[in-house]
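Asks: Since chain R is already given, all that's left is putting chain S on it; use the hints.
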Amino acid sequence: MSAYRYIGRGRRAKEHPRFVTGRGRYVADISLLGMKHIALVASPHASARIAAIRVDAALAAPGVHHVLTGEEFCAHTDSLQIGVDAPKVTRWALARGVVRYAGEWVAAVVADSRALAEDAAELVEVDYQPLPQVVDPEEALEGRILVHPEHGSNILYRRKFVWGPVEEAFAGADHRLSFRASWGRSATVPIETFGVVASWDAGTQILDIWASIQMPKYPDQTARALRLPGNAVRVHYDVDVGGSYGVKRGIKHTVLAAYLARRLGAPMRLIEDRLENMRGGDMQGPDRVFDMQAAFDRDGTIRGLRIRAVDDVGAYAGRSPLQLGKPVGAICGPYRIPAIEYEPVSVMTNKTPQEAVRGFGQSPTNFAIERTVDRVAQYLGMDRIELRRKNLIRKDEFPYLIPSGSTYDSGDFHTVLEKALAAARYPELLVLRDQMRKAGRLAGIGIATCLEPSGGNSAFEVLMNPKNETTTWMDSCLVRVDLSGSITGVINNSSSGQGHESLVSTVLGEVLERDPSTIRVVRADSLTALPSNSPVGSRMAIMLGGATAGAAKRIKQALLAIAAHNFECSPEDLEYRGGDISLKGVPSKKLSWEALVEIAHRKFHRLPGGLEPGLQASFVWEVPTGGGLPTADGRIQMYPCYAFEAHVVLVEIDPGTAKPSIRSYVCGHDCGVMINPDIVHGMTYGGIAHGIGAALYEKFAYTAEGQLASGTFMDYLIPSAMEVPDLTIVDHCTPSPLTEFGQKGSGEAGYLGAPAAIASAVNDALSPLQVSIEALPMSHHAIWSSMKERA
Amino acid sequence: MSATLHPIEVEVNGKKRSSQVPARLSLVDWLRDELRLTGTHVGCEHGVCGACSVMLDGEAVRACLMYAVQAHGHRVTTVEGLTKPDGGMSPLQDAFCETHGLQCGYCTPGMLIAAQALLDANPRPTENEIREAIGGNLCRCTGYQQIVDAVRLAASLVK
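From first to last, the protein sequence lines are chains R and S.
First residue of the first sequence: 1, per this note's numbering; consecutive thereafter.
First residue of the second sequence: 792, per this note's numbering; consecutive thereafter.
If we strip away everything but chain R, and leave its shape as in the complex, we get:
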């Protein structure tokens, strides 16, 4: 049971009532007087020169105000920032001169309604001269066709890191194996597409923005691209975001809508339709081929890994290449592997660009590591669980420094694995699997033990871009106690379902000992906000939680100082209980919360010298491990805290149709102290469902000509309640020594291990046929083909 009053206990989320009654306020619900609507003209070609664009017919259509092309737009705005050092890989919302993927936006039509704008968009005539395209990443590496000829190559980033005695490990080990595993192009695909409303006020010279956004440095990047000072952009964070899980980085949409709002002097709305979201919205995810090598001894000790990861980022780069960087912080997984070689290669092709996806590249890497562990076990004829027990970092070894420079804060991996196995009734599960096999069905058990790095700093930026010296990734909270004694917490970003209002009110309630249900949580806009780096990288429990606790403690200190002054004693002589303060041992000598607040707001004559009147405090919190630059060989502390998950899954495959069904699913999870357990569990369930999608169903498939073949929900298959089984989560708590309450992050939980676990189960099911699949998604068709291969 929780040692805390509110933390770790069941409590309804503060956000829910507005959502269940239809009173959420999403970007598409915002309607401004005189607002115009944007529709887009998209390229039908994966690679082509734009010879001419004729807009006259569109301009003459009813209700149309403007047709914007790349010529005008690129002349008046700057290219968007990218994560790595590749200045010639420029990127604007509208193509100029050439198109580099099918679906790329070529023109934007502004009209009185979205329907009229779409009508007119069909009247824009574009003459294309098709060019050869490169769709396959291996072919792109050869560089015969260049996506950005000015860049001189299709490679955005490539480096070989060697950490520890890799040569010696491979030379000295009893055995070696190598294989290829691939992670298919999928994404988080929120049910709400991306949207933005922009309005320019010529009087105040301020650009107001409402957006469905989850993006660090969004106001700053918007201002830069528009050549505006930062204080001319006001992003309103009180917009509910209908899911994101990483991808809602609509910077190009924003700059486009904002430019048009200013150009036409009218509020502008751009809401993607589903095809735009999946194609031209630039929100597809990692697409990776891993070449894995492992060196290991006959007793199962893994001595070294060589990992080469080629990631296809598509036609432009945002922060996407950096998704190869985050896994450096957990490159050996939860295992004691002393030597690692890692060669990340980021390559461009004529496909939709990639954006951040839940885990920022960690889930694909976890999948590749877990496949390696399973294969080592298979090679040695050892039990997969025994092999893991042998190699998992032991509880008494923390803090544990891994070869690539990160220190894991804490963990008890063996216990979490045992708890998951117990909950899954593992011995009975084995019997059940074997009975199913005897009955002529294909059945397999999947195991995965994975890490969830949390507390997001941005250390991969400095690792992968020597020109970038970003070593702080702070977050903040402002707390106000008003004259009536009510508490208000102010947060500095929008949320997309993570329950930040519940987080802040719980933490404020805990520290100040006030009922969280009475605490209001509101959002600043970017001109009134304290610094925030947005809810990415499983960081808000740690970062917003830490900042909130810091601000609350400052309020408490102020109250104690007031009481000490009035009682003419030292703060150490006082007792704080539920907001009231009394002299220790003399309960009658007491100032109530209301009286203390009254003094702070009205009675300067009773305030101690040096204390500001009023009652408010802010706190800006740096990532607990701080920030620094990497060593010459690329070692760096990535995220501060490491959560752990152990998955145990039973999958059945219909031998007639190859259809996989998940029969049971257990996830053991340790993210330290949970501030709101229902919220943590919810995100973990959702992460598992998302991982089931990535493992079995979801893929942005492309034709050889570079056409997206799965741009609707009829062919990009998202798991429904019929595909996602009843899920069991088993909690364990190893507190982090680095955080206020012992909490770790958890927004990416479930997703970081589910694809690996399902891949493990499908391969176990196929093992009697002596075939295997090492490519995600393991679609019905892929499983069917594999079964036929055997036949």
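Hints should not be assumed to be uniformly reliable.
Partial list, derived from the structure: chain R residues whose beta carbon lies under 7 Å from chain S [claimed, not checked]:
id: 1; residue: 22
id: 2; residue: 191
id: 3; residue: 678
id: 4; residue: 686
id: 5; residue: 689
id: 6; residue: 721
id: 7; residue: 722
Some but not every residue of chain R turned toward chain S, in silico, with C-beta under 10 Å [what the hints assert, rightly or not]:
id: 8; residue: 12
id: 9; residue: 17
id: 10; residue: 20
id: 11; residue: 21
id: 12; residue: 114
id: 13; residue: 681
id: 14; residue: 709
id: 15; residue: 712
id: 16; residue: 720
id: 17; residue: 729
id: 18; residue: 730
None of these hints come from the bench; they were simulated from the model.
Backbone N, C-alpha and C define an ideal beta-carbon position, used for all residues, glycine too.
Replies: Positioned in the frame of chain R, the structure of chain S alone reads:
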């Protein structure tokens, strides 16, 4: 767009609403843009995700696949119409809050409509029946677990 407007009369959340609409206007756009009932959300606009679900004469339908003119003479219930007459939460809405049956809230109105239509027809559904009833509504946050819990809880509360 054809300039021809068609008169419609629809009972929306118990109130008669009349309007003049173009033939191509979808029901969801009419509800959201003209009646400002923005609780109903647009997710895919091709009938798969279920975010736009509303009840038509008590049955869950996709408001993105229907034209407003087709609703003429019918009863439409949106998420705003699920609340009690005093504006308080219905047992189902309350159950979603209790079990944490939502996160970002975007699919929630459609889920509530699908689940309410189920409970109206089948007050004691099994877990399978619940999953089937919400099987046409996609959620990316919850993995459906706490939604199923919510519907089960609501069913147990209603006499």
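Asks: Of the hints stated earlier, which fail here?
Replies: 14 and 18
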